[in-house]
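Novice: If you read the sequence shown in UniProt numbering, its first letter stands for residue 1, the second for the next number, and so on.
What the hints contain is simulated information worked out from the structure, not anything from laboratory work. As the structure is a prediction and not an experimental result, all values here were calculated from the model. Hints are supplied without guarantee of correctness; some may be wrong.
Straight-line alpha carbon distances no greater than 20 Å define the calculated PhoX-like cross-link-like pairs of lysine-lysine that follow [said to hold, decoys possible]:
hint : residue 1 : residue 2
1    : K92       : K54
2    : K354      : K328
3    : K174      : K153
4    : K174      : K98
5    : K98       : K153
6    : K351      : K318
7    : K223      : K153
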Amino acid sequence: MASTISSSNSHKLQRYHMVDMKDMISDLPEGILYYILSRLSTEEAVRTSILATKWRYLWTQLPVFDFRDSSPKRNSKSPDCLVDLVDQLLHKSNRIKKLFIELPVTIVDAGKVSSMLSSALMHDVHDLTLNLESENSRFVLPNSFSASRSLTKLDIVFGFLDSVPDGICFPSLKILSFAHVTFTNEKSAQRLFSGCPVLQDLSFEKCYWVNINISVAIPTLKKLDIFFRSSSLDRNSCMFKIDAVNLLSLSYKSNPTINCFLVNSTSIVDANIDLGFFCVQNNELHVAVFAIELFSRLGSVESLRLSDQTIQCLNYAKSALHLLPSFKNLTRLEVHFDDPSCEVLADILRKSPKLEFLHIYGVHLVSCSRFSSATFNG
Numbered sequence: 001m002a003s004t005i006s007s008s009n010s011h012k013l014q015r016y017h018m019v020d021m022k023d024m025i026s027d028l029p030e031g032i033l034y035y036i037l038s039r040l041s042t043e044e045a046v047r048t049s050i051l052a053t054k055w056r057y058l059w060t061q062l063p064v065f066d067f068r069d070s071s072p073k074r075n076s077k078s079p080d081c082l083v084d085l086v087d088q089l090l091h092k093s094n095r096i097k098k099l100f101i102e103l104p105v106t107i108v109d110a111g112k113v114s115s116m117l118s119s120a121l122m123h124d125v126h127d128l129t130l131n132l133e134s135e136n137s138r139f140v141l142p143n144s145f146s147a148s149r150s151l152t153k154l155d156i157v158f159g160f161l162d163s164v165p166d167g168i169c170f171p172s173l174k175i176l177s178f179a180h181v182t183f184t185n186e187k188s189a190q191r192l193f194s195g196c197p198v199l200q201d202l203s204f205e206k207c208y209w210v211n212i213n214i215s216v217a218i219p220t221l222k223k224l225d226i227f228f229r230s231s232s233l234d235r236n237s238c239m240f241k242i243d244a245v246n247l248l249s250l251s252y253k254s255n256p257t258i259n260c261f262l263v264n265s266t267s268i269v270d271a272n273i274d275l276g277f278f279c280v281q282n283n284e285l286h287v288a289v290f291a292i293e294l295f296s297r298l299g300s301v302e303s304l305r306l307s308d309q310t311i312q313c314l315n316y317a318k319s320a321l322h323l324l325p326s327f328k329n330l331t332r333l334e335v336h337f338d339d340p341s342c343e344v345l346a347d348i349l350r351k352s353p354k355l356e357f358l359h360i361y362g363v364h365l366v367s368c369s370r371f372s373s374a375t376f377n378g
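Let the hints inform the model, and build the full structure from the sequences given.
Specialist: This is how it looks when you write it as structure tokens:
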């Protein structure tokens, strides 16, 4: 009998502590409750709405929503279901400022995505990342994009960008990045890049350009990252020209046979140049001309990193090395070598009177018989 009473009392005591603990959490200041929610994933934060009446709408006050479809097992309907769910949650949310959506799928309803983005923009989202990872999806930016005055950072990863609304303008957008995006409409692409009057940071990673010639001026641009594969552009039918008079930082990893040009960009102070991913056959002259043209923009550079293939491209321009600018501000130089081309490096060093730091990767200097103090004499 005693054991029965003891067991009953034990259960009552457990229930008492559970109720008491629940009340203690619910009675915490809202600031602490928001902090607790901010440490959870978006999915977990939404689920807390069932804990108590006080928790029901707390998640709607969160400034960051992160939706990632990371489940290893997905049926064909799951992408659109997730888009619908995100759309519904966005309509209930009040203060969202940062939105990350990832749908690693092959097919998604572009109309649903457009509707979802329209909902996001209604909340004055500042930071938006849309990752569809869909090589076949064709996507149209919704007309509401042209009215987005709050967006400051936009990252887009998906298949085909076919259409951009007329009059599109991101008056506050400072950071814009694209990855694995195929640009198929010249006017739309031109419209998009021209509609960013305060853009400071622009990046392209493994994007593709189909029969497009773009020439755009972005005087506010300070940082440019370009990573094109050898198949990113058909050099016979595409050209990408950026006029960036105030550019300070450049990372250029691309095929030198691609018609991608910088105009009036002579203020660069930090540069990382990798002219790789190319076949040289019958392209030596084009490669040499491009390399000299690109380096002519680096006269103000202070920190410079060069790949071994970049050195090889300059090697094709041996007879024109005198056209390289004087690197009068260069203090740091990092060079990668597979096959030493000391003559090219020596010419760069001769034109770098303020050089303080030199790091050469992949070669023992003692193995290069042409490297001697006499090499650097003017």
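Novice: Now tell me, hint by hint, if it's right for this structure.
Specialist: Results of checking the hints against the structure:
1. K92 to K54: Holds, at roughly 16 Å.
2. K354 to K328: 7 Å, holds
3. K174 to K153: The hint holds at about 6 Å.
4. K174 to K98: 15 Å, holds
5. K98 to K153: The hint holds at about 9 Å.
6. K351 to K318: 15 Å, holds
7. K223 to K153: With Cα atoms ~14 Å apart, K223 and K153 stay inside 20 Å; holds.
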